[in-house]
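Asks: Those letters in the sequence shown? Residues -18 to -1, 1 to 400, by mature numbering (1 follows the signal peptide of the UniProt record, and there is no 0).
Just so you know, the hints here were simulated from the structure itself, not pulled from any lab data. Note that the Cβ used here is the ideal one computed from N, Cα and C, for glycine as well.
Straight-line distance between alpha carbons at most 35 Å, and here's what the computed DSBU-like set of lysine-lysine pairs gives:
1. Lys398 to Lys225
2. Lys255 to Lys225
3. Lys255 to Lys338
Simulated restraints on C-beta separations:
4. Asn313 to Thr386: 44 to 50 Å
5. Ala294 to Lys114: 56 to 62 Å
6. Asp110 to Ala199: 16 to 22 Å
7. Pro196 to Asn400: 16 to 22 Å
8. Gly220 to Asn400: 36 to 42 Å
9. Asn311 to Asp359: 36 to 42 Å
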Amino acid sequence: MKALILLVLVSFLIAAAAECPFSHGNDGGNGGANAPPKEDNPPKHDNSPGYSAPANNNTAPPPPASGTPPVSPTTPKPPAASPGASPALAPASSPALTPAASPALAPELAPALAPSLNKTNTGSLSPDYYAKICPNLESLVQGAVRGMMASSPIAAAATLRLFFHDCFITGCDASLLIQNPNNDDEQHSSENMFLRADGYKTIAAAKAAVDADPQCANKVSCADIMALAARDAVVLSGGPTWKVELGRYDALGARASDVDLPLTTEDVPALMKRFSAHSLTVADLVALSGGHTLGATSCVFVNPRIYPTADAFLDPGFAGQLQGICPSNLNPNTFVFFDQSVTSFDNNYFLMVQQKKGVLFSDSALYFDSSSKGIVDKFAADQNAFFTQFVSSMVTLGRLGLKTAANGEIRATCTKPN
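Take these sequences, add in the hints, and give me the full structure.
Replies: Structure, rendered in structure tokens:
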């Protein structure tokens, strides 16, 4: 209990430092005082990895720029358990909760994902792609990530989450970084309203470091910088390392209408419809959800699970603790950590899910579906097994929707097409 109280106090400090609510999407809305600033001052966004929580009939929309308080969504009904499976539990979004718009959220099933996302042709990708073009690339990016992590406790989580959101929309093409003059872009979509500025700032710092090297200036794509930064965020948090495949091109544009992310209110079958469209498996879903071992989530995504009464998939004692953190009169600037080792990349997230202490509905759902329960148990018992699958899943994720010189470019400025 003392540990949880300490986490809550720390979360308030993080919220104050980040000046924005946690979740999946930017907190700027569609304009006004809270609109995402341009270029050097990226929008304030979510600080947690994994997927997002978009608005739908079962989720609460993120607080609008006007300051109007968000409406709490209705708690989703628990998913039916498959034969032989443990009693069904309800999941949510943002790695699994109910929310507004952040990774793993979105209206019931939005338009089908672009066909290109199913393509995982890695012919143009190679870990050595920049060996002669920019030999110091990896050390430059890692130095920038390390610097941001030293100044922000949520930089790692925010950077990892940014990569997932970018890849899951139109592929790993840095389209999420584009800021259109009319705000019709992925960054300003409701699904991305809680993405934290710390992630954008990390990518901007890495881009600046790369371009400061004469050998590398304007030769490395923003998409590749994002991929490297996501890997480094994991490694510098104590997680596994891997060779990042490089050679991506940046998208030529971005539209808010393209955003269709997993919802925190969705159960495993609904989440798998989205993941399968990207040729991702149940093991990928569980492993990537494990990215929630870093970061926290806004009460926006928690309240629907605990009011007026807690859902059946939460441990009663834990539900009471959540109610003590998240008041019924919703405060989107209050956060809940996914586990008690919020800055360490480990398997504690799966131990929490096993104990019915998954913060998001989508987190809890993983343990109450026969297709994913065994994987959760495996990762909870064996951290190396989690690390191995996470690396494999990140490599697969990084191959989605690849752009080429024919339909992409190397952006001089990550926030706008050339």
